[in-house]
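Chains as they are written, first to last, in numbering that gives the first Met the number 0: chain D, 0 to 286; chain S, 0 to 573.
By construction, these hints were calculated from the structure, which means they are not laboratory data. Being a predicted model, the structure only gives us computed values, none of them experimental. You may find that some hints are simply not true.
[To be verified] No more than 25 Å apart at the CA atoms, straight line, and that leaves these computed lysine to any residue pairs for SDA-like:
hint, chain 1, residue 1, chain 2, residue 2
1, S, 379, D, 121
2, S, 409, D, 45
3, S, 437, D, 102
[Stated by the list, open to error] Chain D residues, not near chain S, derived (Cβ > 10 Å throughout):
hint, residue
4, 29
5, 43
6, 117
[To be verified] Here are the in silico distance ranges between beta carbons for each label pair:
hint, chain 1, residue 1, chain 2, residue 2, range
7, D, 6, S, 442, 13 to 23 Å
8, D, 115, S, 431, 46 to 56 Å
9, D, 165, S, 361, 20 to 30 Å
10, S, 277, D, 86, 51 to 61 Å
11, D, 86, S, 373, 30 to 40 Å
12, S, 291, D, 165, 36 to 46 Å
13, D, 13, S, 370, 54 to 64 Å
14, D, 165, S, 230, 42 to 52 Å
15, D, 102, S, 277, 36 to 46 Å
Quick reminder that beta carbons are idealized off the backbone N, C-alpha and C, glycines included.
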Amino acid sequence: MHVDVWHEVGERNVGRAGLLLIGLIVLLAIFAPVLTPYSPRENTSTQAFSRPSTDHWLGTNDARQDIWTQLLYGARTSLSVGFGVALLSGFISVLVGGTAAIFGGLYDRFWMRIVDATIAIPDVVVIILVAAYLRPNVLLMILLLSALSWPGGARVIRAQTLTLKERMHVSAARTFGAGWSHLLFRHIVPDLAPVLVAIMIQDARRAVFMEAGLSFLGISDPSVMSWGKMMQYARVFTYLEVWKWWLLPTGLALSSTLIGLSFTGYALESALDPRLRDRDDHAEGGV
Amino acid sequence: MLNIQDLKVSYDGALILAGVDLDLLRGDSLAIIGESGAGKTTLGLALMGLGEGRVSGRVLLDGKDLTTLDEVARRRIRGKEMAMVFQNVEDALNPIMTVSDQIKEAIDVHRERGDPGYVGDRVRRLFRAVGLDEAKGRSFPHQLSGGEKQRALIAMALANDPQVLILDEPTASLDAVTKAEITRLLRERMENKIALVITHDISTAARLTDKMAVLYAGRIVELGDTQDLLGSPRHPYTRGLIRSSPNMTTPKDLQGIPGRMIHGVSGCPFSDRCTQRIEICSEAVPPLVEAGGRLIACHRGGIVPLLELSRVVTRFGGLAAVDGVDLTLYEGETIALVGESGSGKTTLAKTVIGLFDLAEGEMRLEGEPLVRRDRDFYRKVQMIYQNPKESISHRMTVLDAVTEPLLIQKVGGAAERIEIAKRVLEEVELSTDEAFLKRYPHQISGGEAQRVAIARALVLNPKLLIADEPTSALDPSVQAKILKLLLDIQEKRGLAILFITHDIALARKVSDRLAVMLKGKIVEEGSAGGVTTAPIHPYTMRLLEVAPDLDPKGRGMSGPWAVPEGPTIRAREF
């Protein structure tokens, strides 16, 4: 099959919109220090609750901190958690799902029961309990969210690997004496790439959402700048006019990130699954 | 009785015969075969006492040592008790004497008193015996045809009814029909004599003699019963000779022997051309020892069995796809596994290479039981697949694909791996320029892709290649080229090939032996020629009936057998 999946994603409006949104937010997060003269915790000399002005594009909050700056740095946290979880969780999914499919037997059954058990546990409850106890920083948050999100991916990767490993070139590599790591990373993962990216985007989306949620509940590390936390603080002052440039922009930023990831993931999935394709005129005949 | 003991002949210090031992009784006929330069003619001349080099060892005729006799005594024996028919028909006769005069002369030199009546009578009988018209006796040699000259020479050799008859290439320059007549004649005249037939023509040797000795670089490497030796050669050189001589018995394409004969190689004389040599082969000369009713001089005891399968069973669930297979594959030979799809051929191959698990039975590689397949195993056994483009990852370039086994086996550095890959690509007749090395499987033709797959399998220098329908996805012309390539590689490297195909017509062209599979069992196995001309199992007959031929009525291969009546045999019941 020589279908260029990425080309297809770019062709779709949904996919294009998703990629555009994510790209925009990534740029904002990366260039945060250039886009603002303040640091997120800096108590500026401006009055608290001041309206948006040329100095403070989104005004200031109750502690005279610049809201625009907080929004930019909040994006860094959200995206770090999102990317971190996507990478780590994706890696574990490949490792567990891939090796389970390659080795089979008892090893396979062992890991699949672990996966079943983990999926059966309501993870929101577990995360809230653990987070409340640990008050996790960004790194711990990534570990915690990854530990609960890899099993779903592992199941998909295993199913895909089971078909891929029957391909002749994988058999051929086995008859050169290749070990599992060579088979998995040189032959199977390249063919898995689009599926894997779809899984990773799902993981990232869930992670961004969970991080915001935990911060909103106030059970993450208090020193971490985060959209969830901003919304929690802003919520207290909704009787003032300040929600218009404090709560609303933060909510929009979070929503845009989630929508961007969802759109990209959706476009990717429909490009991968021929049944979801509304037109198949791109599909070149494979050899 | 003729006993030859440690006969050595050297010219200018070069040992042409390096110690030959032979014991022959009256009534024995022995063929000495080998390539030119092996020392065959030197042996004949040394026995006659006509050799020019330095001779050592003993030649005992009825207990009398001929090598110690002086020239006068030798002359008395030569032509009377021992006679030789020389190789070159054109030069062996005196051009200015009539043929009958020359034969008379041969008789006269061994008689004290002339009795013209007796001599004339004897000549007439000799002419009759060799089937030559008496009137021809008055002709000069240039007035006779090649066959007639050969007959005259034979009459001359038989003139004194010698005990030992040495024939040096007796049929070399004759056409096929004359050759057959002369062969029949010789066969009759050789009875009750000690006959030595020196020839490189194996089919003549096969018709004339009961025993056969294979001479290589002045040494006998294999000696045994003619039919037995030709049917199942045990020395790699003997097999090479048979493979390179055209005949009607073996349907496989002709293959040569790599390298050329050099005298004075240390150790086994054949070691530098042998594909199964081990360390000792270049160190010590192997003695000629008896093994299985035959004498053979080989450190490894002849061609070694590479892969031995006994009662191999492979199961899928409860179904035995391979159900008790016994098969032995020797070094450097091809066995074709033939049968329709579903007969278990591919399953057997994949069980050997380790893609399927063995349920029962035993497999041995080079005598060692195969339990675990580690990296070393895959250095010895490789496989090529039916669909070359699928067997190469579509994400790998030609160079990536060919170097992949080396990478897995951790052979050399990156530069060395590329070097090896290029060398093997040249061996399979592919381009090694950068543009080609960077191509992907979908950018090359099917034939090229299969060559890449072959190169990839050869890059580890395996001893056994399993070829699973390697050409069934290719055009006929490309198929022919790929098969020729495989045979060439086999010749060069001594590669054993397990060739899997459903096409029995194809199988007979590439294989030494043929095994027919049906429902997971081998129902018939034998030489490719034997199985395709005289099948025993009804399923083999059926396969031959439906095999492709060029006769429009489909009678190309209908042999003397009749397919038994009854329901058609199929691999699977539908």
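For each hint, the structure was consulted:
| no. | hint | in the structure |
| --- | --- | --- |
| 1 | 379(S) <-> 121(D) | 53 Å, violated |
| 2 | 409(S) <-> 45(D) | 67 Å, violated |
| 3 | 437(S) <-> 102(D) | 33 Å, violated |
| 4 | 29 | 31 Å, holds |
| 5 | 43 | 54 Å, holds |
| 6 | 117 | 31 Å, holds |
| 7 | 6(D) <-> 442(S): 13 to 23 Å | 19 Å, holds |
| 8 | 115(D) <-> 431(S): 46 to 56 Å | 52 Å, holds |
| 9 | 165(D) <-> 361(S): 20 to 30 Å | 28 Å, holds |
| 10 | 277(S) <-> 86(D): 51 to 61 Å | 53 Å, holds |
| 11 | 86(D) <-> 373(S): 30 to 40 Å | 34 Å, holds |
| 12 | 291(S) <-> 165(D): 36 to 46 Å | 45 Å, holds |
| 13 | 13(D) <-> 370(S): 54 to 64 Å | 56 Å, holds |
| 14 | 165(D) <-> 230(S): 42 to 52 Å | 43 Å, holds |
| 15 | 102(D) <-> 277(S): 36 to 46 Å | 38 Å, holds |
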